[in-house]
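S.K.: Please model the complete structure; the sequences and the hints are all you need to start from.
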Amino acid sequence: MNEGYRYLEDIAIADLAFEVQAKNLENLFKLAGKAVSNAMVLDLNSIKKEITKDILIESEDLEILLYNFLEEIIYYKDTEGLVFSDFDVSIETNGKKKLKAKAYGEKLDYKRHETLVDVKAVTMHLFELKQKNGFWYARIVLDV
Amino acid sequence: MLPKIQRVSEVVWEIPKGYRNDMRVPVRIYATEKLLKNMDEMVFSQALNVSTLPGILKYSYVMPDGHSGYGFPIGGVAAMDAETGVISPGGIGFDINCGMRMVLTNLTINDVRPKLKELVEMLFQRVPAGVGATGFLKLKHSEFIEVLQAGAKWCVEKGYGWEEDLEKTEEKGCIAGADPSKISQKAVNRGIDQIGTLGSGNHYLEIQWVKPENIVDSEIAKKLGIFENQIVIMFHCGSRGFGHQVATDYLQVFLNVMERKYGIKILDRELACAPFNSKEGQDYFAAMKCGINMSFANRQVILHRIREVFSKIFNSDPEKLGLHQVYDVAHNTAKLEEHIVEGQRKKVLVHRKGATRSFGPGSQDIPDIYKELGQPVIIGGSMETGSYLLLGTRQAMLETFGTTCHGSGRTMSRTKARQLVRGEQLIKDMERRGIIVRSVSYSGVAEEFGGAYKSIDEVVEAVSIAELSKKVVRLIPIGNIKG
Numbered sequence: 007m008n009e010g011y012r013y014l015e016d017i018a019i020a021d022l023a024f025e026v027q028a029k030n031l032e033n034l035f036k037l038a039g040k041a042v043s044n045a046m047v048l049d050l051n052s053i054k055k056e057i058t059k060d061i062l063i064e065s066e067d068l069e070i071l072l073y074n075f076l077e078e079i080i081y082y083k084d085t086e087g088l089v090f091s092d093f094d095v096s097i098e099t100n101g102k103k104k105l106k107a108k109a110y111g112e113k114l115d116y117k118r119h120e121t122l123v124d125v126k127a128v129t130m131h132l133f134e135l136k137q138k139n140g141f142w143y144a145r146i147v148l149d150v
Numbered sequence: 016m017l018p019k020i021q022r023v024s025e026v027v028w029e030i031p032k033g034y035r036n037d038m039r040v041p042v043r044i045y046a047t048e049k050l051l052k053n054m055d056e057m058v059f060s061q062a063l064n065v066s067t068l069p070g071i072l073k074y075s076y077v078m079p080d081g082h083s084g085y086g087f088p089i090g091g092v093a094a095m096d097a098e099t100g101v102i103s104p105g106g107i108g109f110d111i112n113c114g115m116r117m118v119l120t121n122l123t124i125n126d127v128r129p130k131l132k133e134l135v136e137m138l139f140q141r142v143p144a145g146v147g148a149t150g151f152l153k154l155k156h157s158e159f160i161e162v163l164q165a166g167a168k169w170c171v172e173k174g175y176g177w178e179e180d181l182e183k184t185e186e187k188g189c190i191a192g193a194d195p196s197k198i199s200q201k202a203v204n205r206g207i208d209q210i211g212t213l214g215s216g217n218h219y220l221e222i223q224w225v226k227p228e229n230i231v232d233s234e235i236a237k238k239l240g241i242f243e244n245q246i247v248i249m250f251h252c253g254s255r256g257f258g259h260q261v262a263t264d265y266l267q268v269f270l271n272v273m274e275r276k277y278g279i280k281i282l283d284r285e286l287a288c289a290p291f292n293s294k295e296g297q298d299y300f301a302a303m304k305c306g307i308n309m310s311f312a313n314r315q316v317i318l319h320r321i322r323e324v325f326s327k328i329f330n331s332d333p334e335k336l337g338l339h340q341v342y343d344v345a346h347n348t349a350k351l352e353e354h355i356v357e358g359q360r361k362k363v364l365v366h367r368k369g370a371t372r373s374f375g376p377g378s379q380d381i382p383d384i385y386k387e388l389g390q391p392v393i394i395g396g397s398m399e400t401g402s403y404l405l406l407g408t409r410q411a412m413l414e415t416f417g418t419t420c421h422g423s424g425r426t427m428s429r430t431k432a433r434q435l436v437r438g439e440q441l442i443k444d445m446e447r448r449g450i451i452v453r454s455v456s457y458s459g460v461a462e463e464f465g466g467a468y469k470s471i472d473e474v475v476e477a478v479s480i481a482e483l484s485k486k487v488v489r490l491i492p493i494g495n496i497k498g
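Going down the list, the protein sequences come from chains Y and Z.
According to this note's numbering, the first sequence is numbered sequentially starting from 7.
According to this note's numbering, the second sequence is numbered sequentially starting from 16.
This list has only true hints and no planted wrong ones.
Mimicking BS3-like on lysine-lysine, the simulated pairs with C-alpha atoms at most 30 Å apart in a straight line are: (1) Z:K238 / Z:K335; (2) Z:K335 / Z:K486; (3) Z:K197 / Y:K102; (4) Y:K113 / Z:K155; (5) Z:K201 / Y:K54.
Here are a few chain Z residues that sit away from chain Y, every Cβ distance over 12 Å (derived from the structure): (6) V40; (7) K49; (8) K132; (9) I160; (10) S293; (11) H339; (12) K362; (13) Q379; (14) R409.
By construction, these hints were calculated from the structure, which means they are not laboratory data.
These numbers come from a predicted model, not from an experiment.
All C-beta atoms in this analysis are idealised placements derived from N, C-alpha and C, irrespective of residue type, glycine included.
M.R.: So this is what it looks like as structure tokens:
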């Protein structure tokens with residue numbers, strides 16, 4: 007895998023695990039966001055970019071920054087019925103970690119979106135975020 | 016399989032205390048040999064981690080439907096000393112008070128079969144399911160706070176149910192001590208529109224048939240209102256986004272204090288915990304109870320909608336149709352209970368994660384009408400195979416803090432299931448076999464095909480041999496609504 011995400015077969019059978027790899031942190035967060043959206047909607051291309059949500063998160067810890075970013079996607083699904091197909095992400099890592107992101111998507115529409123499974127939460131189970139072979143790599147298990 | 020597992024009896028297995036130096040109690044697994052062999056190895060390492068938690072009493076238990084979860088295994092049970100023990104969100108699960116409710120009818124298969132498609136379709140319209148589903152109740156913030164405090168009782172007071180439903184719900188549908196001041200605004204925002212919704216994944220609403228040959232104990236079945244060829248209803252859901260957010264919020268609170276403030280080693284971040292008698296522990300306990308009440312309210316409103324639908328389709332009152340609730344059981348909770356430990360009556364905090372109470376005859380905390388029989392235990396299987404109604408036993412009180420299994424347990428990942436089965440085809444095949452399925456998602460149906468689960472019969476056989484529960488009737492699905 008170069009840059010991208012894939013769902014994992016052999017871990018967390020009752021839930022949904024995925025791994026994501028990217029050249030830089032910004033892309034890793036963006037792809038992880040897409041993986042969470044793609045767990046709920048089969049075809050991300052079916053989601054129009056009609057609504058933009060700004061996401062701002064701060065944390066001392068880079069892992070928590072990723073965890074909380076993905077939680078925001080679930081929060082918007084439950085509170086405003088929104089699903090996202092793309093993200094622009096910028097991250098400051100000097101001192102306190104700061105994330106600024108734009109999430110692009112629309113209201114979920116069962117007629118146009120083939121839904122998969124409702125994601126309940128991001129878990130810390132087997133959670134990993136690290137640099138590996140010149141890439142940023144993360145493994146995340148979603149509770150579904 | 017781990018080499019150190021010792022056989023205690025036909026369906027009881029043990030990893031002794033010395034297997035790892037940090038174990039405080041042994042691990043006990045309830046399973047047939049076949050189920051044990053098929054358990055994934057992480058179940059054992061997770062049960063071992065649970066056995067190290069401060070205040071754990073007797074054993075770290077795994078039920079026969081056990082599979083790996085996060086922190087605790089699913090099917091994991093741990094009773095903590097209320098004075099010296101910890102509370103862990105990982106021992107409860109993100110879906111607080113996920114549970115099962117079962118409802119009778121006085122209709123037979125011959126009454127329902129001709130109207131089944133219409134019935135399933137209307138239930139699908141009236142009980143929202145799937146990703147991001149919202150319910151018909153539009154509550155003000157203050158009303159939602161009342162729901163968190165009063166649970167199903169709030170619903171019955173507003174006309175969404177009958178007084179007798181509360182009698183036949185764990186905690187009478189309203190657990191005391193729920194404190195909304197311990198809840199984040201985010202949790203409220205996520206849950207406020209979700210009362211009366213199923214969710215997705217393995218959550219469902221099912222119409223089931225009591226085939227005469229599947230009644231195991233006809234005398235008890237009769238006492239519970241079950242008769243040959245009867246149609247009953249069963250559904251499975253929890254506290255939706257509200258409970259998920261409560262768990263997420265407190266996981267982070269506990270991770271911040273667990274090692275630093277309380278000196279408890281973090282073996283797995285999902286096993287985050289705090290002393291039950293600490294501020295953080297008590298705050299979470301009070302917040303978790305809001306999740307319990309939200310879930311009771313959710314299932315109560317769904318029952319109300321089911322009664323409306325049956326009433327409309329069969330053109331009769333729900334009372335005349337005999338739509339009486341059998342019971343409502345929680346299978347993701349921690350509850351403060353009294354049990355006999357080493358001959359002494361003791362207050363213990365029983366974590367049940369994918370495990371059901373199985374309180375035996377004469378137990379406190381079960382409705383008077385079930386005092387003689389024991390508590391009804393509702394076990395949901397996959398949408399293709401079947402489910403069970405069992406009863407709690409005295410043996411469960413002695414052995415497992417009054418606990419048994421909760422369902423069949425997955426054996427295959429969702430992605431793999433989707434590769435093997437096409438949802439559209441499965442729906443057609445099931446219709447040919449007499450089961451009508453309605454879902455918002457073909458892929459969701461494929462993920463839940465029967466082959467992705469353990470055999471429910473094998474799971475129930477294990478708890479039956481161990482006498483953790485007593486079989487009453489096996490139920491066959493004929494209609495299924497899912498997310």
